[in-house]
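4 protein chains.
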Amino acid sequence: MKPPKLFLLIAVLVAFTGQAQVQNRIVIPDINGYKTLQCDFHIHTVFSDGLVWPTVRINEAYREGLDAISITEHLEYRPFSKDVTGSHNRAYEIAKPTADSRNVILIKGSEITRSMPPGHFNAIFLNDSEALAKDDWRESFAEAKRQNAFIFWNHPGWDAQQPDTTLWWKEHTEIYDKGWMHGIEVVNEKTYYEEAFQWALDKKLTILGNSDIHEPIQTDYDFAAGEHRATTLVFAKARTPEAIREALDNRRTAVYHKDLLIGEEQYLRQIFDNSIEITNISQGNNSITVTVFNKSGLTFKLKKTAHDKNVVYFREYEVKPHSRHSLTIRFTGANDGKLNFEVTNLLVKPGKGLHCSYNLN
Amino acid sequence: MKPPKLFLLIAVLVAFTGQAQVQNRIVIPDINGYKTLQCDFHIHTVFSDGLVWPTVRINEAYREGLDAISITEHLEYRPFSKDVTGSHNRAYEIAKPTADSRNVILIKGSEITRSMPPGHFNAIFLNDSEALAKDDWRESFAEAKRQNAFIFWNHPGWDAQQPDTTLWWKEHTEIYDKGWMHGIEVVNEKTYYEEAFQWALDKKLTILGNSDIHEPIQTDYDFAAGEHRATTLVFAKARTPEAIREALDNRRTAVYHKDLLIGEEQYLRQIFDNSIEITNISQGNNSITVTVFNKSGLTFKLKKTAHDKNVVYFREYEVKPHSRHSLTIRFTGANDGKLNFEVTNLLVKPGKGLHCSYNLN
Amino acid sequence: MKPPKLFLLIAVLVAFTGQAQVQNRIVIPDINGYKTLQCDFHIHTVFSDGLVWPTVRINEAYREGLDAISITEHLEYRPFSKDVTGSHNRAYEIAKPTADSRNVILIKGSEITRSMPPGHFNAIFLNDSEALAKDDWRESFAEAKRQNAFIFWNHPGWDAQQPDTTLWWKEHTEIYDKGWMHGIEVVNEKTYYEEAFQWALDKKLTILGNSDIHEPIQTDYDFAAGEHRATTLVFAKARTPEAIREALDNRRTAVYHKDLLIGEEQYLRQIFDNSIEITNISQGNNSITVTVFNKSGLTFKLKKTAHDKNVVYFREYEVKPHSRHSLTIRFTGANDGKLNFEVTNLLVKPGKGLHCSYNLN
Amino acid sequence: MKPPKLFLLIAVLVAFTGQAQVQNRIVIPDINGYKTLQCDFHIHTVFSDGLVWPTVRINEAYREGLDAISITEHLEYRPFSKDVTGSHNRAYEIAKPTADSRNVILIKGSEITRSMPPGHFNAIFLNDSEALAKDDWRESFAEAKRQNAFIFWNHPGWDAQQPDTTLWWKEHTEIYDKGWMHGIEVVNEKTYYEEAFQWALDKKLTILGNSDIHEPIQTDYDFAAGEHRATTLVFAKARTPEAIREALDNRRTAVYHKDLLIGEEQYLRQIFDNSIEITNISQGNNSITVTVFNKSGLTFKLKKTAHDKNVVYFREYEVKPHSRHSLTIRFTGANDGKLNFEVTNLLVKPGKGLHCSYNLN
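Protein chains in written order, with the numbering used here: chain A, 14 to 374; chain B, 14 to 374; chain C, 14 to 374; chain D, 14 to 374.
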């Protein structure tokens with residue numbers, strides 16, 4: 014007899030902990046056959062050198078509409094350990110109930126934190142972080158491998174460890190050859206490492222981009238100004254931990270960083286195609302006007318390539334998020350030609366945007 | 014043979030007038046049986062004393078996602094007439110093609126602009142504004158009536174015309190008795206006229222709230238800070254001029270002004286009920302936790318009424334737009350009681366919010 | 014061999030935090046003879062039930078341009094104590110070096126956290142928080158008094174403890190009579206307690222308003238939308254801890270909460286007078302135009318009082334922060350009269366704004 | 014009897030526009046010996062194909078804190094001329110009183126609007142725009158020259174006129190040789206023309222950047238997101254029309270566009286040096302920490318150049334506006350070396366940022 018009455022309880026409310034959470038997920042379309050999950054696999058809390066309690070990281074992810082995160086405390090660097098005690102598994106344990114209630118996927122991870130070489134690596138999909146705390150870094154990697162972790166190299170060109178140039182050391186070859194390196198951060202925090210992107214393409218490493226956040230997230234990102242943390246886009250068969258792992262193992266990822274998408278052409282082209290919808294085409298005498306709607310929360314920066322004097326259109330054009338654009342192509346000669354442009358902020362190789370070409374006749 | 018190729022023209026673009034328009038309509042739910050249309054029936058351009066070209070008003074409305082507007086130039090006050098010539102119908106004529114292309118309903122109107130009494134009145138759903146330009150205000154009203162216009166009193170308590178108190182003059186009784194006054198602005202620009210709201214309820218006048226905008230809209234409203242112009246919510250059977258007129262004639266309106274909704278209880282209660290969705294209820298030992306989702310873009314300000322010591326809940330609570338809230342009601346005695354609150358920003362009478370009461374047993 | 018490597022590692026981790034800090038202090042003018050200091054005396058961190066590391070609180074205060082804060086952990090409620098150990102003095106000790114480097118005054122405090130009566134109290138200007146941890150609340154108060162603390166009642170009408178009405182219990186009379194209550198929170202977090210304001214005026218208690226922040230500050234306040242935490246304005250002879258204490262002891266405070274200033278008329282009038290500068294007066298035939306500049310970051314909401322039919326001016330007028338306003342007063346009879354208005358958001362008593370009256374002849 | 018009433022009515026309508034104007038000037042420092050004036054010399058209103066009344070342009074400039082503007086209507090293109098009549102001098106005449114009251118310098122100008130070649134040119138510092146309305150463009154230029162105008166080429170690479178590449182036609186050589194071209198827009202609206210920047214450097218033309226605004230300014234620029242119109246920075250001996258003209262004649266300008274400054278090294282270096290203040294230097298064992306304060310509203314993007322393995326510092330670093338930054342430089346060898354970086358958003362040549370080098374010993 015309670016349920017019906019409670020159903021009438023329309024807008025209720027109350028008491029000690031009225032929590033309001035506004036969600037602002039950036040709309041990024043799914044691609045053919047896969048869900049596009051937004052993930053951050055590199056995060057800190059007071060259990061290493063981060064500045065917030067672990068549950069805060071879940072609420073941040075929830076507000077940003079992230080699908081999955083990993084809290085990856087430094088194993089070897091815990092500056093607050095005099096006051097904050099507990100095992101390397103504690104941050105995960107504390108955050109897990111909040112993650113469950115918020116429907117954020119939480120993946121257990123740790124950061125192996127060494128001087129260069131080999132530098133810092135994250136191991137995620139761990140069972141027991143504590144077992145990775147070893148004196149010899151090779152033993153830490155071996156233990157991560159034993160736990161069937163997914164392991165990736167963090168911020169390969171970090172100023173502090175690679176002050177001059179971004180180098181691949183012989184130790185990285187060793188790690189790679191032993192099957193201890195599955196991915197690499199192409200973006201960490203606010204820095205994009207072009208060399209790492211090339212390595213990922215050449216050596217078939219999974220491409221990752223993560224926030225490595227230490228502060229409360231809003232301290233480093235001005236959400237009101239449209240900023241967002243770097244995320245790894247995972248093209249997964251489902252929104253589950255297992256499906257994320259499968260996608261990581263098969264390199265189906267891209268990185269979303271500032272207004273850049275970074276990844277293989279096959280994925281970026283699908284994101285572009287699934288973002289833009291043609292809503293109207295009207296033929297003029299010597300022109301065509303096309304109205305398009307950008308359904309996504311992404312910006313696309315177009316730049317004319319392979320000029321054709323007979324087809325007059327933008328030199329550069331910015332397609333803003335969630336907006337409608339009416340664009341006219343003028344013909345100065347015959348009513349045909351090609352429309353060629355590059356989407357300069359969709360990087361399919363270092364320095365190279367996604368190229369598009371359409372026949373107009 | 015062109016169409017298939019053009020269909021491939023995915024994201025095209027171009028040339029002289031690439032117009033980007035981002036739409037930011039405030040989500041206000043429909044009510045049972047009617048669409049909730051967002052309208053502004055009081056607007057100026059350079060064809061009287063406004064400061065923009067008529068097409069600008071359409072683009073402003075489009076960006077805000079308004080359904081219908083009326084450009085209502087002063088018949089008797091055209092300070093720019095030395096430079097801006099043309100009949101009282103010109104602003105409408107110039108704006109109409111843009112309105113059509115933007116799918117904004119444009120209703121022809123004019124403002125009868127006299128000193129007090131009777132002050133300023135808008136006549137909308139006109140055929141010919143020019144015919145209203147008469148020396149005697151009674152003739153202007155009579156002509157509007159002949160054209161079957163919908164006529165309403167503007168800003169009844171405007172400082173400039175009613176400096177001391179908001180009075181209903183004998184001329185208003187005359188106008189009302191002759192069937193020349195169908196509605197009244199309860200809100201004009203940024204001012205809410207409490208007396209006008211009471212008159213509307215007592216005399217069965219249609220309730221209106223309009224911007225009376227003269228500047229570019231962004232000069233007067235800081236959209237980034239969440240501000241919006243005052244609008245008349247019209248509960249119409251369809252999104253057509255005819256359905257708007259039918260709803261106005263039958264007084265199915267409310268006003269949305271700052272964070273206030275102003276109108277009859279029957280409409281405001283439906284907006285509240287259709288905005289708030291219960292997504293979860295969990296029973297504790299001595300408490301209930303209810304999770305609600307506010308689907309609308311409206312804020313609701315709740316205030317406890319009719320206190321019951323056995324039921325512990327918020328004194329005041331703000332339900333923000335598009336947000337999820339988990340709220341706990343604690344029982345100090347038996348697990349029942351009543352939950353009573355007023356939604357203080359949904360005004361059903363001057364100074365009186367919408368009252369809600371729910372049984373908890 | 015490892016230690017040197019780790020030492021190098023740590024140095025590197027610390028060395029590269031290039032920290033950018035933008036300061037956005039709200040401009041509130043000094044009053045005659047005193048500096049207006051912006052303070053928050055009620056703040057939590059992970060050392061009780063707050064969610065950030067103590068140094069974060071300093072950086073938050075720094076960015077907002079606060080002059081002084083007090084971190085006031087619950088003595089009796091430490092839900093994270095399994096993981097976060099350390100004495101009741103730890104949060105202060107950890108935050109102090111950052112406070113010094115940021116030039117934020119940090120005042121040692123603690124929160125005595127009991128069920129009602131007597132509820133929660135803050136004791137600030139403590140020497141040793143640890144000594145206040147007593148079973149009997151009377152002993153905690155007595156110890157605070159022994160340390161010469163400044164003690165105030167927190168959130169007197171908190172829903173959770175005073176569900177029905179805001180009551181002054183006999184225990185509060187006891188505390189007051191023993192000299193254990195020097196002030197009272199008229200605003201806590203986002204709630205203004207009108208009864209507490211009246212008590213403060215009647216019983217000569219110091220008026221305080223504080224954030225009681227637990228989350229990262231940006232989670233609860235949307236700074237981009239112009240929101241700010243509640244602060245206690247302290248009118249002090251200098252920007253020093255001693256001068257703050259002297260001002261608190263002599264009740265020279267007010268509260269800044271949302272767009273309200275709450276306090277005694279003598280202080281609010283000076284803030285109003287020192288915010289508004291008349292930059293020009295021009296005489297028309299039947300009017301005066303006054304141009305004023307609001308030098309402060311405060312909004313002032315004016316409402317006409319004591320109407321005079323011969324002097325025509327605004328019914329309501331909002332003076333925005335850092336803005337210039339040209340206002341015309343029209344005379345319908347003789348060119349004189351009085352300009353009377355209330356500043357409705359400067360509360361000098363519960364429900365009563367600051368009244369202003371100027372002769373115009 | 015009516016006239017007096019109407020007269021009263023008009024007075025009333027005018028009297029009560031209580032105008033609030035918040036000014037948000039971007040802080041750009043003066044350089045040695047000159048004031049840095051922020052100017053926009055390319056603006057439209059309803060008197061050609063703009064969409065606002067001329068006074069709106071003054072209020073926009075006032076709110077943005079601009080020092081000087083020029084309203085430059087098309088002589089040959091007036092699509093609203095059926096409704097908006099009046100000479101080519103009218104926009105100036107209407108705007109002038111508002112400009113005077115707002116203390117915005119208004120410079121009379123016109124746009125000579127021809128197909129390519131020679132395209133569009135602005136002539137400013139005119140006496141009589143009407144006299145420039147000639148069939149032959151050479152006569153328009155000659156008349157502008159007779160009036161001692163300052164003449165510059167607008168948007169030299171505009172898509173609509175130069176669809177493929179940005180070309181300098183023989184007509185431009187003719188114009189240049191006749192002394193009819195004194196400057197060139199390196200930035201127009203939102204587009205930067207790299208070729209034009211090179212021409213300006215090679216041919217000693219004055220560098221200009223202007224908005225060419227047609228819409229209400231807020232429609233094209235999201236001020237809340239930190240956007241601003243392109244402006245010409247004029248380094249003038251005083252804030253007067255004469256001093257602006259003298260500076261234009263002597264090429265003392267730069268362009269501020271998005272986060273770019275574009276101009277000669279001598280001016281950009283002074284702006285950088287006068288923006289950044291070193292507030293503290295502290296010596297560590299193997300490091301120096303430098304605290305700098307960016308006093309300006311500009312962002313500076315630093316990028317390491319000429320790497321030195323012994324000096325470890327940022328690869329890239331962004332100095333935000335009005336912010337304090339603590340930067341640590343670590344020495345791995347001897348405690349000296351050079352700090353080399355490029356300010357990549359201060360363009361002293363096409364594609365080349367301002368280079369800085371400091372000795373650290």
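A few of these clues could be false.
Just so you know, same-sequence chains aren't split out, so a pair can sit in one copy or run between any two.
Said to hold, decoys possible - Here are the computed lysine-lysine pairs in the DSSO-like style, where the Cα-Cα straight-line distance is at most 30 Å:
1. Lys147 x Lys216
2. Lys147 x Lys183
3. Lys183 x Lys322
4. Lys365 x Lys271
5. Lys351 x Lys147
6. Lys365 x Lys95
7. Lys322 x Lys216
8. Lys308 x Lys203
FYI, nobody ran anything at the bench for these hints, they're computed from the structure. Note that the coordinates shown come from a computational prediction; the quantities given were computed from them, not determined experimentally.
Against the structure, the hints:
For a Cα distance limit of 30 Å, the shortest separation of Lys147 from Lys216 inside one copy, 28 Å, qualifies, whereas the shortest one across copies, 64 Å, does not. Taking CA atoms no more than 30 Å apart as the test, Lys147 paired with Lys183 passes inside one copy only; the shortest distance there is 21 Å, against 61 Å between copies. For the homomeric pair Lys183 and Lys322, the shortest alpha-carbon distance between copies (19 Å) is at most 30 Å, but the shortest distance inside one copy (52 Å) is not. Taking the closest pair of Cα atoms, Lys365 and Lys271 come within 30 Å of each other both inside a single copy (17 Å) and across two copies (23 Å).
For a Cα distance limit of 30 Å, the shortest separation of Lys351 from Lys147 qualifies neither inside one copy, at 60 Å, nor across copies, at 39 Å. For the identical chains of this complex, Lys365 and Lys95 are neighbours neither inside a copy (49 Å) nor across copies (50 Å), given an alpha-carbon limit of 30 Å. Taking the closest pair of Cα atoms, Lys322 and Lys216 come within 30 Å of each other only across two copies (28 Å); inside a single copy the shortest separation is 41 Å, beyond that limit. In this homomeric assembly, Lys308 and Lys203 come within 30 Å of each other (Cα to Cα) both inside a single copy, at 26 Å, and across copies, at 24 Å.
Violation of the numbered hints given earlier is confined to hints 5, 6; the remaining hints are satisfied by the structure.
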